[in-house]
Amino acid sequence: KQEVTQIPAALSVPEGENLVLNCSFTDSAIYNLQWFRQDPGKGLTSLLLIQSSQREQTSGRLNASLDKSSGRSTLYIAASQPGDSATYLCAVTPPQRRANSKLTFGKGITLSVRP
Amino acid sequence: DTGVSQDPRHKITKRGQNVTFRCDPISEHNRLYWYRQTLGQGPEFLTYFQNEAQLEKSRLLSDRFSAERPKGSFSTLEIQRTEQGDSAMYLCASSLAAGRTEAFFGQGTRLTVV
Chain A
1 KQEVTQIPAA LSVPEGENLV LNCSFTDSAI YNLQWFRQDP GKGLTSLLLI QSSQREQTSG
61 RLNASLDKSS GRSTLYIAAS QPGDSATYLC AVTPPQRRAN SKLTFGKGIT LSVRP
Chain B
1 DTGVSQDPRH KITKRGQNVT FRCDPISEHN RLYWYRQTLG QGPEFLTYFQ NEAQLEKSRL
61 LSDRFSAERP KGSFSTLEIQ RTEQGDSAMY LCASSLAAGR TEAFFGQGTR LTVV
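As you go down the protein sequences, you meet chains A and B in turn.
Going by the numbering used here, 23 is the number at position 23 of the first sequence; the sequence numbering is gapless.
Going by the numbering used here, 73 is the number at position 73 of the second sequence; the sequence numbering is gapless.
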């Protein structure tokens, strides 16, 4: 059974700091990995999708990397801003040979960026 | 707005009542998923549809829960005889079935059972 772990559960940093959020998964046989942002009481916003054949994806100040063999992904946030404060979740999907693309999520990392 | 839409956003109900939630996926997406999220946890898979066919249901989906997706368009999730343990955020997502299977989520329906 796939398990996704995100440690630490919470992180507080000063504005302007570059930071890395970690995600690990137990079964390296994945189809893709997706990073999401969730604001309190809201739904999930997709940030980046990394397909299993890719090593990294970039969008603006965000860069996500994937190392399937070690079961790890990192989300790098450059020059953090107070508006980046949210919970960040990573999720993986099973191999494409399976019938569905359901996501298995970690519990998320709650980030607070202090002005 | 061409994103995933969920209705209602909030629902407060008395224990024992039935509730129904609606999800409108992104129009060209043939896969639709329901997830449940409780405080401090990541979303947990409940069920998914490919077009109108419900192809998988989680063990979390007791017989009080039923989901439909008539004509492969919008979907409804009904909970019968609600219990306090059903209080959670119910999230809907949609994606394509192949290729870039990026999932897009709605804003969720927050259910409170009192």
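Treat the hints with caution; some may be incorrect.
[To be verified] To give an idea of the chain B side of the interface with chain A (calculated C-beta under 8 Å), a few residues:
#, residue
1, R31
2, Y33
3, Y48
4, F65
5, T101
6, F105
For the record, the hints were derived by calculation from the structure and aren't laboratory data.
Glycine included, each C-beta is placed from N, C-alpha and C at the ideal position.
For each hint, the structure was consulted:
1. For R31 of chain B, the interface hint holds, the least distance from its beta-carbon to any beta-carbon of chain A being 7 Å, beneath 8 Å.
2. Because the beta carbon of Y33 of chain B sits about 6 Å from the nearest beta carbon in chain A, less than 8 Å, this interface hint is met.
3. At a threshold of 8 Å, the smallest CB-CB gap from Y48 of chain B to chain A is about 6 Å, leaving the interface hint in force.
4. Among the interface hints, the one on F65 of chain B is violated; its C-beta lies about 16 Å from the nearest C-beta in chain A, farther than the 8 Å criterion.
5. The criterion of a C-beta within 8 Å of any C-beta in chain A is met by T101 of chain B, whose closest approach is roughly 5 Å, and the hint holds.
6. Taking 8 Å as the C-beta contact cut-off toward chain A, the hint placing F105 of chain B at the interface holds, the least distance being around 4 Å.
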